[in-house]
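The listed protein sequences correspond, in order, to chains E and B. Following our numbering from start to finish, the first sequence increments by one per residue and tops out at 633. Following our numbering from start to finish, the second sequence increments by one per residue and tops out at 633.
Don't read these hints as lab results, they were simulated from the structure. Beta carbons: idealized from backbone N, C-alpha and C, even for Gly. Any given hint could turn out to be false.
What the hints assert, rightly or not - Beta-carbon label-pair distances, calculated as ranges:
1. 156(B) to 173(E): 31 to 41 Å
2. 16(B) to 65(E): 52 to 62 Å
3. 151(E) to 156(B): 15 to 25 Å
4. 244(B) to 174(E): 25 to 35 Å
2 protein chains.
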Amino acid sequence: MHIILPNEQKIESLPGESILATLRREKVYLVASCGGKGICGKCKVRITHGEADKRSVIRLTEQDLDQGYTLACQTYPKSDVSIEIPEESRLIVGDKIAVGRADDLIKLKEKFGIVLSPLVRRIPLELQHPTLEDNISDLERIKRGLNIEDPDSAERLHVRYGLLRLMPDALRKDNWRVTVTIGTGEIPELLAVHPGSEATAHYGVAVDIGTTTVVLYLVDMVTGKLLDVGSTYNSQMQFGDDVINRIVHATEQGRMKELQQAIRSDINVLLDPLLERHGLTPDDVDSVVIAGNTTMTQLFYGLNPQYIREEPYIPAANSYPEIHAGQVGIRINNGAPIFTVPCVASYVGGDIVAGVVASGMAKREAFSLFMDIGTNGEIVLGNNEMLMTAACSAGPCFEGSGIKCGMRATEGAIEGVEFSSETFIPKLKVVGGVNKPLGICGSGMIDAIGDMFLKGIIDQRGKLQPVSPQVRKGEDGMEIVLYRDEQRDVEVVLTEPDIENILRAKAAIHAGYSVLLNHIGFTMDMIDKIYIAGGFGNYLNIEKAVLLGMLPDVERNKFVFLGNTSIIGSYLCLLSKDIRTEAQEIAAKMTYLELSVSPNFMDEYMSALFLPHTDMSRYPSVEARLSNNKKQK
Amino acid sequence: MHIILPNEQKIESLPGESILATLRREKVYLVASCGGKGICGKCKVRITHGEADKRSVIRLTEQDLDQGYTLACQTYPKSDVSIEIPEESRLIVGDKIAVGRADDLIKLKEKFGIVLSPLVRRIPLELQHPTLEDNISDLERIKRGLNIEDPDSAERLHVRYGLLRLMPDALRKDNWRVTVTIGTGEIPELLAVHPGSEATAHYGVAVDIGTTTVVLYLVDMVTGKLLDVGSTYNSQMQFGDDVINRIVHATEQGRMKELQQAIRSDINVLLDPLLERHGLTPDDVDSVVIAGNTTMTQLFYGLNPQYIREEPYIPAANSYPEIHAGQVGIRINNGAPIFTVPCVASYVGGDIVAGVVASGMAKREAFSLFMDIGTNGEIVLGNNEMLMTAACSAGPCFEGSGIKCGMRATEGAIEGVEFSSETFIPKLKVVGGVNKPLGICGSGMIDAIGDMFLKGIIDQRGKLQPVSPQVRKGEDGMEIVLYRDEQRDVEVVLTEPDIENILRAKAAIHAGYSVLLNHIGFTMDMIDKIYIAGGFGNYLNIEKAVLLGMLPDVERNKFVFLGNTSIIGSYLCLLSKDIRTEAQEIAAKMTYLELSVSPNFMDEYMSALFLPHTDMSRYPSVEARLSNNKKQK
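Kindly produce the complete structure, drawing on both the sequences and the hints.
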């Protein structure tokens, strides 16, 4: 018997093996925070063909059952079965493209002149055995041993309370040879004691808690090298697409614990396969950096996000105390310190601070613009002396949410589209090079809409023109078919509501940076670099993004596409104390401009709802291309 | 209906009121860690007369039931009932003698030149309301407000992780008027935020965790004044009388959690009535100092005490990290820091360090001897430059344990005995002036045995002589009746096994200080002061203790009786940062001498088993009195 995946991969199913177990054996990971007991209901898959024995369906709705959904952990094939794995069930672990960036990250580390200075150090010690004459306490013995290696830490050493319990046995297990883990914060702290004095290998994780996606980097803390990457949908998604809905769920529904549990569980669920793939134990991981927007950060810590949503929009805190993994239920070394990239305001969080760190803009004299196009849009303007920031409610469409066939920039996502000028048949570029598209991601949307506008498939307001049979009436109004495979029963379309959604998002971003520049009396030509961050995967077609009017019409060499800078900035913080200090300084220095009180914002937004913009003088190169196109016709 | 106590106090029992509730109404407090639900089984009383309805007996044994024991919380009188309250069921709260010492403590504070510098400060703040223009986070707003009062703390402020959750609502509850609690440790830490900016009253507790008795001082942290006192049997007693039995219970039986729970629960159970009596809430108490011997301290923290018992007797730690009350389940302000008086070695703990602090010996140039005669005997010898210490296994008899009619020095305890030289009829002194003795405490035992030896009622080996009908054969061998009341069915006797027990204890103490002096080549005449600490209540007859051979035969004005120095030292630590630092320095400076490896210890012990000592030349004044006595006869 076999399990057949949408990309036609065929995996042998062994007798008595659940679908979850079979997929795991082949390193296809599903979200299963309960460990496959049928309790969490997260490992949903859809059986499209074949027969299977469903042992428990209690976590499924009537609708789920009607549509063929089942829990992978409770389902045992009785014949070959074809399955579809919904985005939210999927853990993307060991994503080759992401791991392939390991060398780029090391180059970035070198470019920034980073010397490894992690949140912890592991120091092997061979201690004197106690005797009746030498009968100092276990803790003093450790301090005495440490005094040889590091007198300053030994002198000022604090001890994590929970550790005291484990320390006596750990010391005696390998005959007074131990490896101590020392936190390198303001006050040195003894965080862990492990038997044996050989191993100094240890690992860290950087986590980007996105509203839509959670990304985790596993890093070798001796070399600083990225070992592996995991990502998953933020399972808070079930409680609402955007931060506002999550806040409502936390406050009006009084269910904050669920949101906190969801994000902690996502991190743990990602850790499991990553550790398994590399033969590591949870204890081997002893430092963590997290970055998220302000709401995500507060929810991670279990802080009531109510006042983020209510005017005047006040977060509980922007900088967070260093805590231990054990205190927040992250299943690694209990004493592992967690550094939280500080936030700036209710709608500019640690993800943006991490992004500014990753861009290097806060070290340069020339002025840069930074824009992170994730579930929301945040803009930063500044240089090594001043930083100003604003948030524009761009919505999560570029992360695939709220778009009919939207998906993240993972295997099977259409990330590039070019229409034939004659036939209007689209040529597709698909993430992972797989020829079987499953949906469309943010960069694909920008590409498609930019090109449709250029080729006249949509008008300035984004309305589809009946130029070919690909454009048709669908259930949500007009739509264009980008891909269709009747055999696989897969269709990827862009609908007019999708396009409107995207136009609103790009208008918000455009208005954001326009108001910000205006606010300090700057014009776009005074900007040296424009850094673009966001979950666009590997690729963003700058040209198309200008056509769309999302990016400004400036020399193209000013644009630098950086990808997910929240995770890159977290990774850099994981490596270096200087970078962590820099992140704190950046957060403290950044001035937040509340766009909702800016008189210009609404005007700017309204005039940016057109393609590329109502004021064509802002888009001279686009105007030239369009008129050139017309001439050719 | 009435409840009648052994001291003939008659309390009206209201219909539908349990014995527990009736007693509580009259401020007679019983241990009831479950809050009176019949679960913990600790509020046992014995009904000697009368009828009552017992609603639940599930926590009682057959033997308990046979002897008339019942749970006070589950028992409702049906007639007048006379009850006895066993020692272990009783909370002594508001002990007048102890509270009466409040002024002495303030004098001690002045003598030591102590300026109040508690573990925390409470600072009232009136904060600016946030607006869209002034939209810094809640935490930054607190820091900004604090900056006016205390710029240094504001600058370096850490935040207790658990506090972040409560802070936003606390700020808004009284319209941005708050009182913040700041920990005054190495790094200033925000520990609590309370609505309202008026109240700065706050309270602290000092706790002496004795092996037998737990004593708690409630202190006004604004004035430093002792407000109230509570004490109870350490409910770990049910798992063994001495530390060794507790360690066995924790390790071989694997039931450490029970011991940890027991001591935490004792502290909480004592806190309840103290707070109630003074109209305080748990939040009003925001600092704690605990002192206990090394095993008690480790059990409080839940640390495996196994290696304390195994040669070479190594404690896990001597100094402990500052932790918050919430972390160890003490039911006061969750953020209240707990300072643990540091220990010296496995058998010299924080109680002794506290005692040295209370004695002031570590500030004086002249050499002193300090001896704490509690459940064990510990000796310290030294001055402002050197301190040496040893522990002798004296056993818990002076705290009333292991003695047939032994009890603590609380109401009803015989604390003084003098026999008529002619009739051998004893004249008794009873704690609390009550004329109805219930048992005998440590100082009573010393008094009785010293006097019996002087008057020839016992010989040099402690054997009872048939001098009067008071001396009789009992079930454990010969015994002497000190008190008898047939009506109340109360008899207080001292048996020969009791006397042997006491002789072994005094011999261990004598051997302890003899070996210690010897070790550094000192003789007793080089000692300026001899401080005596222990649970003797108000009173210790020095003369009789010399007759017994427990104390050395030196000028009587060298002796200073200090009482429970563990609680006094803890109290001083609660008041002052300098004293806390001093305690740490004392612990670090003290050298521990392991008596079990001293070749002289056993010899010294054997020759001290006699009254007053085999070598009478050590006791010239006793020899003189004895020969004087003989001459008179």
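* Asked: Any of the earlier hints contradicted here, and which numbers?
  -> Violated: none.
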